[in-house]
Amino acid sequence: MHGPDITAYVILAALLFATGALGVMLRRSPLIILLSVEIMLNSANLLLIAFARLHGREDGQVFAISVMAVAASEVVVGLGLIVAMGRRNLDLDVDKLRTLRG
Amino acid sequence: MAAASWTCLLLPLAAALAITLAGTRLSRRAAAYVSTLSTMGAFAAAVVAFAKLLGESPEARTHSTTAWTWLAAGPYHFGLTLLTDQLSIFMMLIVSGVGSLIVAYSVGYMDGEDEERRYFAYMSLFVFSMLLLVQGGNLLLLLAGWGMVGLSSYLLIGFYQERASAIAAAKKAFIMNAFGDATMALALFLLIQHTGQLDYAGVFASAPHGGTVANLIALGLLGGAVAKSAQIPLHTWLPDAMEGPTPVSALIHAATMVTAGVYLIARTHVLFENAHVIQDLAAGLGALTLLMAGLIALVQVDIKRVIAYSTMSQIGYMFVGVGVGAYSSGLFHLMTHAFFKALLFLAAGIAIHAVAGEQDIRKLAGIGKLMPQTKWVFLIGSLALVGIPPFAGFFSKDPIIASTLARGDWFGYLLFAAGIFGALLTGVYAFRLYFIVFTGEPSAFAREHFHAHHGKEGPLSMRWTVGALAVLATIGGFLQFVPFWDPLTKWLDPVVPALVDATNTQEAVASVLAVLVGAAGIATAWLIYGSKQLIAPEPVRLFEQKFYWDELYDRLFYYPTDLFTRGLYAFVEQPIIAGSLTAVAGFFGLGSEELGRAQNGLVRTYALALAGSVAVLAVVFLSVR
Amino acid sequence: MANFLVWLVWVVAAAACLSSALAVISFTNPFYSALSLIGHLASLAVLYLLLGGEFVAAGQVLVYGGAVMVMFLFVIAYLGDRSDTSPWTGGPSWQAIGAVLAGGALLVEVIVVVGLRAGGFLSHEAQIDRSFGSPEHIGQLFLTDHLLAFEVTSIVLFVAAVGGVVLGAHARQIGDDPSEVDARA
Numbered sequence: 001m002h003g004p005d006i007t008a009y010v011i012l013a014a015l016l017f018a019t020g021a022l023g024v025m026l027r028r029s030p031l032i033i034l035l036s037v038e039i040m041l042n043s044a045n046l047l048l049i050a051f052a053r054l055h056g057r058e059d060g061q062v063f064a065i066s067v068m069a070v071a072a073s074e075v076v077v078g079l080g081l082i083v084a085m086g087r088r089n090l091d092l093d094v095d096k097l098r099t100l101r102g
Numbered sequence: 103m104a105a106a107s108w109t110c111l112l113l114p115l116a117a118a119l120a121i122t123l124a125g126t127r128l129s130r131r132a133a134a135y136v137s138t139l140s141t142m143g144a145f146a147a148a149v150v151a152f153a154k155l156l157g158e159s160p161e162a163r164t165h166s167t168t169a170w171t172w173l174a175a176g177p178y179h180f181g182l183t184l185l186t187d188q189l190s191i192f193m194m195l196i197v198s199g200v201g202s203l204i205v206a207y208s209v210g211y212m213d214g215e216d217e218e219r220r221y222f223a224y225m226s227l228f229v230f231s232m233l234l235l236v237q238g239g240n241l242l243l244l245l246a247g248w249g250m251v252g253l254s255s256y257l258l259i260g261f262y263q264e265r266a267s268a269i270a271a272a273k274k275a276f277i278m279n280a281f282g283d284a285t286m287a288l289a290l291f292l293l294i295q296h297t298g299q300l301d302y303a304g305v306f307a308s309a310p311h312g313g314t315v316a317n318l319i320a321l322g323l324l325g326g327a328v329a330k331s332a333q334i335p336l337h338t339w340l341p342d343a344m345e346g347p348t349p350v351s352a353l354i355h356a357a358t359m360v361t362a363g364v365y366l367i368a369r370t371h372v373l374f375e376n377a378h379v380i381q382d383l384a385a386g387l388g389a390l391t392l393l394m395a396g397l398i399a400l401v402q403v404d405i406k407r408v409i410a411y412s413t414m415s416q417i418g419y420m421f422v423g424v425g426v427g428a429y430s431s432g433l434f435h436l437m438t439h440a441f442f443k444a445l446l447f448l449a450a451g452i453a454i455h456a457v458a459g460e461q462d463i464r465k466l467a468g469i470g471k472l473m474p475q476t477k478w479v480f481l482i483g484s485l486a487l488v489g490i491p492p493f494a495g496f497f498s499k500d501p502i503i504a505s506t507l508a509r510g511d512w513f514g515y516l517l518f519a520a521g522i523f524g525a526l527l528t529g530v531y532a533f534r535l536y537f538i539v540f541t542g543e544p545s546a547f548a549r550e551h552f553h554a555h556h557g558k559e560g561p562l563s564m565r566w567t568v569g570a571l572a573v574l575a576t577i578g579g580f581l582q583f584v585p586f587w588d589p590l591t592k593w594l595d596p597v598v599p600a601l602v603d604a605t606n607t608q609e610a611v612a613s614v615l616a617v618l619v620g621a622a623g624i625a626t627a628w629l630i631y632g633s634k635q636l637i638a639p640e641p642v643r644l645f646e647q648k649f650y651w652d653e654l655y656d657r658l659f660y661y662p663t664d665l666f667t668r669g670l671y672a673f674v675e676q677p678i679i680a681g682s683l684t685a686v687a688g689f690f691g692l693g694s695e696e697l698g699r700a701q702n703g704l705v706r707t708y709a710l711a712l713a714g715s716v717a718v719l720a721v722v723f724l725s726v727r
Numbered sequence: 728m729a730n731f732l733v734w735l736v737w738v739v740a741a742a743a744c745l746s747s748a749l750a751v752i753s754f755t756n757p758f759y760s761a762l763s764l765i766g767h768l769a770s771l772a773v774l775y776l777l778l779g780g781e782f783v784a785a786g787q788v789l790v791y792g793g794a795v796m797v798m799f800l801f802v803i804a805y806l807g808d809r810s811d812t813s814p815w816t817g818g819p820s821w822q823a824i825g826a827v828l829a830g831g832a833l834l835v836e837v838i839v840v841v842g843l844r845a846g847g848f849l850s851h852e853a854q855i856d857r858s859f860g861s862p863e864h865i866g867q868l869f870l871t872d873h874l875l876a877f878e879v880t881s882i883v884l885f886v887a888a889v890g891g892v893v894l895g896a897h898a899r900q901i902g903d904d905p906s907e908v909d910a911r912a
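Chains as they are written, first to last, in the numbering used here: chain R, 1 to 102; chain H, 103 to 727; chain G, 728 to 912.
Honestly, the hints are just simulated from the structure, not real lab data.
Nothing false has been slipped in among the hints.
To be clear about the criterion: a stretch of chain G counts as covered by chain H if any three or more of its residues have a C-beta under 8 Å from a C-beta of chain H, and this derived list gives those stretches:
#	region
1	817-824
2	829-843
DEER-style ranges, computed between Cβ atoms:
#	chain 1	residue 1	chain 2	residue 2	range
3	R	D91	G	R857	50 to 60 Å
4	H	L712	G	R857	36 to 46 Å
5	R	V67	H	L712	14 to 24 Å
Partial selection, computed: residues in chain G whose CB lies under 8 Å from chain R:
#	residue
6	V733
7	W737
8	I752
9	A761
10	L768
11	Y791
12	A794
13	I803
14	A853
15	Q854
16	I855
17	G860
18	H864
19	L868
20	L894
For every residue, glycine included, the Cβ atom is placed at its ideal position computed from N, Cα and C.
Model the full structure from these sequences, guided by the hints.
The structure is reproduced here in structure tokens:
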């Protein structure tokens, strides 16, 4: 392929994944956390597609499509939860929701 | 022969077991009779065995029967062996004979006692143990009997369990005797090491002669004898042992158990002769004890304690006897002492029983007027004790004193002086007791509390047994009158040959002096306590405090041990042992508290945990290809 | 020349990707974060195109950008202004440090693991033809080799749809005036 080879994609995907992880661990708003999870999923997708190109087989792309479908489903459920929280006038702050404390 | 010996030994054991196992199914009276009859049966068996022995020639009188090999360990074999020879039959007759009289006396004395069955079971156990001790065919069985008489003594001293003083006295007796048991065991270990066996014939043939080992062996045996016979320095338990019932004091702490030390030295005399120093030490300790006990008895106010110190003193005489090698004299004194000391204790028991258990002689004063028969038998016993002819003590005590003269050197003369002075003391303290308690006007207390037993001075069982002992104390001495006839010495000679033989002159000198001095003692007592012509001197503090032996042992043994245990408690028990346990618990508590902090309920923390674990696991999976 | 163009597009797309991702996690206003994510998804689609996955790129824009992000924006609009005044605070004291360490460790590990595992494969690129990543090829794979995954994915979508309805519905009781139901949470 023209352009950068696989290592560049690996590094990029790793950086994106780390960014998403930091977002999950460091932000308090559930909306932002959900968005960060999306970033992580997309980084994995990027890696899958890059290796699909490397090996010349579209299996990676098929897998990436499945991941997309699953990500969409998960967003549906997550947003449903956030809407339910909002309806009850709860603070959208994961630190405040801690009744499952051990 | 063997059957008679085994019967003698096992009848009391059977009685003890029967009383124990029957429990409340046996009435108290029945238990008392079982015990008494079994002891009398044992005596009958002993008489049968004795009769058989009489019919044999002196050399053939040693019979050893082994039931089975009791202990086999490598090259060492110890059998359950019973030895019936001249010495053991002598002891068997005394133990079972005097024993049956005392157990019969207990039938009346302990009547109505709640725990009567327990008492008689223990008494039978004791008789069995003492018979095992004297009949044991090897040193191992002797040690077994030794320990068991110590146990019986503990059980019987502490018989009145509700009294803290009785429990304490029982413990004291047992612990001091345990010390003696330990030294004896050490001596036996040395014997096994050097001779490989423990039966008498073998040991005496191959024991080392002289040297450190022989001294150590004899010293160990002496330690046991001193503890059991309440000689200095292991004597402090005997006065306290008077906490037990009076028949117990008579049987165990006068007639039989405390004389076991004398028997031991006589039986193992070969080992003592191999270690002359130790044998002299035995005589020396005996002399010291007889003097000290005599002095203490001068000032005691409890009737049983006076008699207890008298026992200690007389056993001192026996130790002097076997210490200089006059074994048969010492043993003869053992026999007569059993008679008159048991008599004194049991007569005192009748008086105590009649005055609601009071033992203080000042309160008992003058009771002789209310109990004349008791007064006469007590007088007989006292005369026998002081050694006035024709009563028993005269025939047995004087040969011991004579044998110290026969020994010859300065040590012998020293022992002689002690013996004579001891006779003076005996006269004084014995008759001080008699005059205070049994003569003069009855005290107010005595009058008030005296109650006759259906018009007589005591129950029948108590009266006839005391009467029998009075007869024995009167005529028992005539068994042996040394310059003229000495069947006992001849009887015992094959087993315990005497080391010294006093000449007739020495015998005469000793006897005359002893009797004179004893009479002087009686006269002194009469002047002070009888006719009250002289004022009694102030009791010497030292004697009253029993020469401060108890206080010395307290300082020497109790305080350091107490300090040590307190220190251990403070520095080891609390911080280390208890502390480690609480630390373990605390560690877990603290640990779980800290770990619990991971469960703070925050989603973000859990996400961090996830990310962290993935990071770590990736490394792990990487390194483990 | 072609190579240079590819490189240029790649650099721009990668930069946009990274910066929009950082923007997502940094904005206080969730609306802005969602918009940044849309930008992120678009740049990813460009990267997919560079890698020969046309169908996937199209799907990315349609599904992610057209459906998922629209949903996000609807919800953010519904919830109103919920800006975080102090987005980075809160939580235990060790959260921030731990997060950075964990993130850094993951970053390094992904690179290292992939690099180590892939080994020699990384330098051999496969040759592809023009129909690489075309809908026919993808469809063929979905309906033959990966049929199970296909069916299971459809079930997952179905379940999510039901879940979404359940989560979003109001509790309704018999005899209720429909207009009052909304007031009840």
